[in-house]
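Can you make the complete structure from the sequences, with help from the hints?
Protein chains in written order, with this note's numbering: chain A, -9 to 185; chain B, -9 to 185.
Since the hints were made in silico from the structure, they are not lab data.
Please note that a few of the clues may not be correct.
No copy is singled out in the list; a pair is fine if it fits within one copy or between any two copies.
Claimed, not checked - Below, simulated PhoX-like cross-link-like pairs (lysine-lysine); rule was C-alpha separation at most 25 Å, straight line:
1) Lys52 with Lys101
2) Lys41 with Lys52
3) Lys41 with Lys158
4) Lys89 with Lys52
5) Lys52 with Lys82
6) Lys41 with Lys101
7) Lys41 with Lys7
8) Lys184 with Lys172
9) Lys165 with Lys101
10) Lys89 with Lys41
11) Lys172 with Lys41
12) Lys101 with Lys82
Keep in mind that this is a model prediction, so the values were computed, not measured.
Here is how the chains run, residue by residue.
Number of protein chains: 2
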Amino acid sequence: MSNRLQQQLEFALEIDKEKNIFRQTHLSQHGRNENDAEHAWHMSVMAYLLKEYSNEKVDIAKVMIMCLIHDVVEIDAGDTYAYDAEGLKSQKAREDAAKERIFSILPEDQKAELIAIFDEFEDNQTAEAKFAHAMDNLQPLILNNSNDGGDWIEHQVSAEQVYGRQIKTKEGSEKLYDYTKKIIETHVEKGSLKG
Amino acid sequence: MSNRLQQQLEFALEIDKEKNIFRQTHLSQHGRNENDAEHAWHMSVMAYLLKEYSNEKVDIAKVMIMCLIHDVVEIDAGDTYAYDAEGLKSQKAREDAAKERIFSILPEDQKAELIAIFDEFEDNQTAEAKFAHAMDNLQPLILNNSNDGGDWIEHQVSAEQVYGRQIKTKEGSEKLYDYTKKIIETHVEKGSLKG
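Have a look at this one:
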């Protein structure tokens, strides 16, 4: 077996660990906590199905691989909940170290390629990154909405906090942001989000 | 909200159930059973990383969405283990009914589009379908190899059975089939596959 293929398969095996990184979001039907691999799969299918709502035309293959790998660093750094102010402070340093370790398993050219895609997502300047972020926000929202806002209730999240995060959805898709707003308003009315 | 978006989001919520469909394959590090959403995520990342080994040039966006949705029917039909002769007999009828029900949640154009992609995978005639099948076979193989062939031992699988399945890998990628053969030979030597 070539050294190149060996490195690629080693990376493929390494990222299997994402299936053990659990998020705060719960599966629909009041299920268990979701893991990073499932979240990335779901985002990627949604990106494909909802691409007509992107504000700008996107390269859908790039959006899909961006969605699929955007949480790889959490293998080392763990999941940081979107509304965990303390965790968010150290998140960047933890994730930078993880990025270097994990992508270095790949051959040099693919290491550079995947880091570029990962960084493009983080920098959030391109049409693809903005639409991928819209998916990163919308996917847990539809699960949480289906569960009567249970994740928000558990963490006593406020509407203001959710809006703060969903502002990125608007940059990716005005239309999906409109939907998001309605969901937030409904949950404020119901009391599952603090007004 | 438009009726179209409502249908698309309803489908997005429906497929969440794939995270509860468990396979015979175990995660690396002797982990728990893997579910369909995780398997599809893993296959899709591997397709992107290993596309240089496809026998024919592929449209990678199509391969990725094919990998991501190829098991959606198992929400209703359940997972049929590759070496379960009885289950395999009724698999087609169970999966056809599921295909109709689940994809019908989508708007007509997307129902037709996703069924076409799903059927293309099943028919296994195009370069994209053949490479996606190579991933469908390679992904559990690398997990099982990392676990000392535990899944094969548990089900008393023979090398002949594995070769029978991996023949599809060869149609998608000669190079990855060569790797597969070496793994099978190693496990026959070790006794984790019956010779």
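Going down the list of hints, with the structure as the test:
no., hint, result
1, Lys52 with Lys101, "both (16 Å within a copy, 23 Å between copies)"
2, Lys41 with Lys52, "both (12 Å within a copy, 14 Å between copies)"
3, Lys41 with Lys158, "within (16 Å within a copy, 32 Å between copies)"
4, Lys89 with Lys52, "within (19 Å within a copy, 27 Å between copies)"
5, Lys52 with Lys82, "within (23 Å within a copy, 33 Å between copies)"
6, Lys41 with Lys101, "between (27 Å within a copy, 15 Å between copies)"
7, Lys41 with Lys7, "between (29 Å within a copy, 22 Å between copies)"
8, Lys184 with Lys172, "within (15 Å within a copy, 59 Å between copies)"
9, Lys165 with Lys101, "between (35 Å within a copy, 22 Å between copies)"
10, Lys89 with Lys41, "between (28 Å within a copy, 22 Å between copies)"
11, Lys172 with Lys41, "within (20 Å within a copy, 41 Å between copies)"
12, Lys101 with Lys82, "within (19 Å within a copy, 41 Å between copies)"
Hint check: no violations occur; every hint is consistent with the structure.
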